[in-house]
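In the order they appear, the protein sequences are chains A and B.
Heads up: the first sequence is residues 2 to 372, going by my numbering.
Heads up: the second sequence is residues 2 to 372, going by my numbering.
Mixed in with the good hints, there may be bad ones.
No copy is singled out in the list; a pair is fine if it fits within one copy or between any two copies.
Pairs of lysine to aspartate or glutamate, EDC-like flavour, derived with a Cα cap of 16 Å [as the list claims (entries may be wrong)]: (1) K88 / D185; (2) K88 / D274; (3) K105 / E148; (4) K76 / D357; (5) K105 / E290; (6) K43 / D315; (7) K105 / D147; (8) K200 / D341; (9) K88 / D163; (10) K200 / D372; (11) K43 / E22; (12) K105 / E264.
Because the hints were derived from the structure by calculation, they are not lab data.
Note that the structure is predicted; figures quoted are calculated from it, not measured.
Number of protein chains: 2
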Amino acid sequence: MAARLQVSRRQRATPYSERVEALGVSGFSVVNHTILPKGFRKTVAEDYWHLKTHVQLWDVGCQRQVALQGTDAAKLAQLMTPRDLRKARVGQCLYAPMIDAEAKMLNDPIILKLAEDYYWFSIADADMLLWAKGLAAGLGLDLSIDEPDVWPLAVQGPKSDDLVVRVLGEQVRDIGFFKFMVCDFEGHDLVVARTGFSKQGGFEMYPEGFSLGTRLWDALWQAGADFEVSPGCPNLIERIEGGLLSYGNEMTRDDNPLECGLEQYCQLDGSIDYIGRAALQQIAETGPERLIRGLISDAEACPACQHPWPVMHDEQQVGYVTSAIWSPRFERNVALAMLDRGYWEAGLEVRVRSSDGLERNGVISYLPMPD
Amino acid sequence: MAARLQVSRRQRATPYSERVEALGVSGFSVVNHTILPKGFRKTVAEDYWHLKTHVQLWDVGCQRQVALQGTDAAKLAQLMTPRDLRKARVGQCLYAPMIDAEAKMLNDPIILKLAEDYYWFSIADADMLLWAKGLAAGLGLDLSIDEPDVWPLAVQGPKSDDLVVRVLGEQVRDIGFFKFMVCDFEGHDLVVARTGFSKQGGFEMYPEGFSLGTRLWDALWQAGADFEVSPGCPNLIERIEGGLLSYGNEMTRDDNPLECGLEQYCQLDGSIDYIGRAALQQIAETGPERLIRGLISDAEACPACQHPWPVMHDEQQVGYVTSAIWSPRFERNVALAMLDRGYWEAGLEVRVRSSDGLERNGVISYLPMPD
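Extracted from the complex, chain A is given alone in its bound form (with noise of 0.2 Å):
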């Protein structure tokens, strides 16, 4: 199904919805109130070989920020998730599952430290600012809670350094991965992160102010006409492979961490507090009764999964599948899903339902799939 978007104030553009559309975006999705590109004139394969060559810019503004300042920012931060965040230095970025007391998970946002007493949660899609608030003022906590008017920008593929470098200095190289620098554009402090949502390395930059952001898209662009850089966005195929997981998509309200196989993001000894400690340590107990894994299966290329997909094995529903596309690089589907105990070890041969009533053969696999 698709039809055309309709975008008001309430559905908002980003400083970067005009030049993607003069670049011929092809579709939008809309993520945190706002509209996030999810295609253009490349097929979704010929994008997927362009990321993994080239760079391209995506028009990531819709990755919203849950600003935490004050006297109780790293408090309420530590609240929010069970990652432990006792260590956590200035100029580092965590991914960081955040959970409700019954441990589901709510968001699995990065979360960049700026200063011991000040916070951004870059996050998936739903309002954690309703969340954050919410606790504050149940638990009476002394910050402030605010989305700033930050704006991503994501530059990614494997030439990504040498087109950020034109824009912002040779410095920008020795970013680490999940650290950020605060750079300088026109006079402007940028954060730059060694982050973004593929596995092909590069940048995600938080312009603060509309202008700012498009003059930034601008300065990229231009910079990167003999890089052959191009309009981005998250690709399906490249997303998958890498098990990259997307919150509303592969996990929802329903799951719980352990499920979504994040478990290296919990400290689950008891030696910190958060909402949903209890609930999760008891889920670690027995172990989680379900898991998302790969899935890799036969025959011809399959419809988009707007709905999960049954995972058969003999004539038992073992799981289901969130999100798959045509590979080109294996010849074959590839798919997310969530697998039952006792049916999600890598190899094992199952039956995928899909909405176009075909019944393809798939094997389950490791994340991130094998190269």
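Place chain B on chain A using the hints.
Using the frame of chain A, we list chain B on its own:
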């Protein structure tokens, strides 16, 4: 700006999505992670006359319910709104602003009181579930908070009663304004409320379960052929003339309920406790600094308002337009505007700088606009 919308598990289809697609839906918006039809084959003006004359089925499955149930449900419900709920009765629907600790608008749901310890908040576009869960976790309240599998369907227009009677019986004529009744549909309980996002009369129905929703749509559709039943959606002309505000467009977290003209829904005498009371009482002492009004302007049809347009008086900006469209009834443009104190009196002449580069003469109007 408009382009194709991508639907995925994250961007939910409703029980009615396939029906409205078959009926030629021309565009969607996204509300609460769910798609909302924004137009059909008719122009907005044709749709306006149809809505004022006949009856329409609206896919408003995006109006998600935040369900509070248990010991502290009534307590939390009252904490979340300045509206006095002390005299609310089971079976009543209450339009209720929701505010944060600074008295800023978070949402404007209709609350359905289902039992003394059971409330639904039928919400506009924001994850109020997270606000409720955050408050409850912070305050240590004892209740369950979730989003039930309920998919609202609206019947709007002057022939609504005659249509709904055919499916649910004569009893629905007795449902009072902003009251609801639990009817039987195919052996299932169905909440039917005399509410809706138009001023043309009608009902909102709350089927539980995807397939029950689809069957309810089909039953109403088949019963309505000789009433010229049509698919519809909130009509921008009708809602502006009627003074119906849209959260995210007319009001945001930058605004307080007094600025939004919602003082009648705010208990200010200190006799009840709610989040944001102190801040709201302080604002009420001096009165709001600005107020939402209608605005009727000359000249040719205006474009869609995607960013606020300046409202000028002499050479000074005195407010901004948030929604605007050509009205075939007034044969002028109708708009909603937030206006500074001293510039909100009906009859004041202003000028509007719209995004097409034109400056139109306008006049301030009370809401709803006069017939």
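Quiz prompt | Within, between, both or neither: K88, D274 at alpha-carbon 16 Å | solution = within (15 Å within a copy, 40 Å between copies)
Quiz item: Taking 16 Å as the upper bound on the Cα-Cα distance, should K88 and D163 be classified as within, between, both, or neither?
Solution: neither (32 Å within a copy, 66 Å between copies)
Quiz item: Given a CA cutoff of 16 Å, do K105 and E264 count as a within-copy pair, a between-copy pair, both, or neither?
Solution: within (13 Å within a copy, 37 Å between copies)
Quiz item: When no copy is named, should K88 and D185 be tagged within, between, both, or neither for a Cα gap of at most 16 Å?
Solution: Neither: 27 Å inside a copy, 58 Å across copies.
Practice problem: Go through the copies and call it for K43 and D315: within, between, both or neither, with a Cα cutoff of 16 Å. | Solution: neither (39 Å within a copy, 50 Å between copies)
Quiz prompt | Intra/inter-copy verdict for K105 and E290 if alpha-carbon distance must be at most 16 Å | solution = within (14 Å within a copy, 42 Å between copies)
Quiz item: Using 16 Å as the alpha-carbon threshold, which applies to K76 and D357: within, between, both, or neither?
Solution: Answer is neither: 49 Å inside a copy and 48 Å across each miss the 16 Å cutoff.
Quiz prompt | K105 and D147: within-copy, between-copy, both or neither at 16 Å Cα | solution = between (24 Å within a copy, 12 Å between copies)
Self-check item: Within, between, both or neither: K43, E22 at alpha-carbon 16 Å
Solution: within (14 Å within a copy, 26 Å between copies)
Exercise. Check K105 against E148 for me: Cα-Cα at most 16 Å, and say if that holds within a copy, between copies, both or neither.
Key: between (24 Å within a copy, 14 Å between copies)
Exercise. Using 16 Å as the alpha carbon limit, work out where K200 and D341 are close: within a copy, between copies, both or neither.
Key: neither (27 Å within a copy, 50 Å between copies)
Exercise. Up to 16 Å between alpha-carbons, please classify K200 paired with D372: within, between, both or neither.
Key: The answer is within: 12 Å in one copy meets 16 Å, while 60 Å across copies does not.
When held up to the earlier numbered hints, the structure conflicts with 1, 4, 6, 8, 9 and fits the remainder.
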